[in-house]
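**Student:** Those protein sequences? They're chains V and H, same order as listed. For the first sequence, our numbering assigns the number 112 to the last residue and increments by one with no breaks. For the second sequence, our numbering assigns the number 118 to the last residue and increments by one with no breaks.
Source of the hints: derived by calculation from the structure; they are not laboratory data. This list has only true hints and no planted wrong ones.
Using 25 Å as the maximum straight-line C-alpha spacing, the simulated SDA-like pairs for lysine to any residue come out as follows:
| id | chain 1 | residue 1 | chain 2 | residue 2 |
| --- | --- | --- | --- | --- |
| 1 | H | Lys44 | V | Arg10 |
| 2 | H | Lys60 | V | Ser96 |
| 3 | V | Lys19 | V | Lys71 |
| 4 | H | Lys39 | H | Gln83 |
| 5 | H | Lys24 | V | Gly41 |
| 6 | V | Lys58 | H | Arg45 |
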Amino acid sequence: DVKVTQSSRYLVKRTGEKVFLECVQDMDHENMFWYRQDPGLGLRLIYFSYDVKMKEKGDIPEGYSVSREKKERFSLILESASTNQTSMYLCASSSPPREQFFGPGTRLTVL
Amino acid sequence: GENVEQHPSTLSVQEGDSAVIKCTYSDSASNYFPWYKQELGKRPQLIIDIRSNVGEKKDQRIAVTLNKTAKHFSLHITETQPEDSAVYFCAARIHSSGGGADGLTFGKGTHLIIQP
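Same shape as in the complex, but just chain V (with noise of 0.2 Å):
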């Protein structure tokens, strides 16, 4: 059964902190992808990986920077947390061609 967790459910951060907000998957998958989600906005890409140390831009990735140091490990940063920041953020890992499978999320709230 796979598994794709997260760092933690609920954060809340102020306005200029950096967060680290991690991701680890068990099966072993090549790609790993981050969302965030917003009401009435659905889902959308950040950043997504595809290797270890590689990484793409997704539809979204101003603000966030990426790292994938190991193949299970994905992490997102926020170097200067924002207010138009809080949102749902959504962690994914798949390898082609299963689909992605998604962590729990983490709630993160910048005051």
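Given the coordinates of chain V, assemble chain H onto it according to the supplied hints.
**Tutor:** Just chain H now, kept in the frame of chain V:
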């Protein structure tokens, strides 16, 4: 890039009736179309998907149809039950057989409400 439009945003049907959710996409190179179901407070989970070499796929009460010419695809749920209440997302992706990865472009979601 790809753009996916999904309609309606909210759909209310009587238990036992059918529900249809429609999506259109913009990039003719897209070749993979999954549907995800997200129950309140839970993660999205794949319920059915279709690839561009197939026009229709069915799994028990759920079916998906794809019209490549018109660039639209639809989710059909028959004999709806209370547990079908959730938000449903369609998505599109260009799958490269040569490796690499492409993220999904999602529609904005449909809140399906099953009335008892």
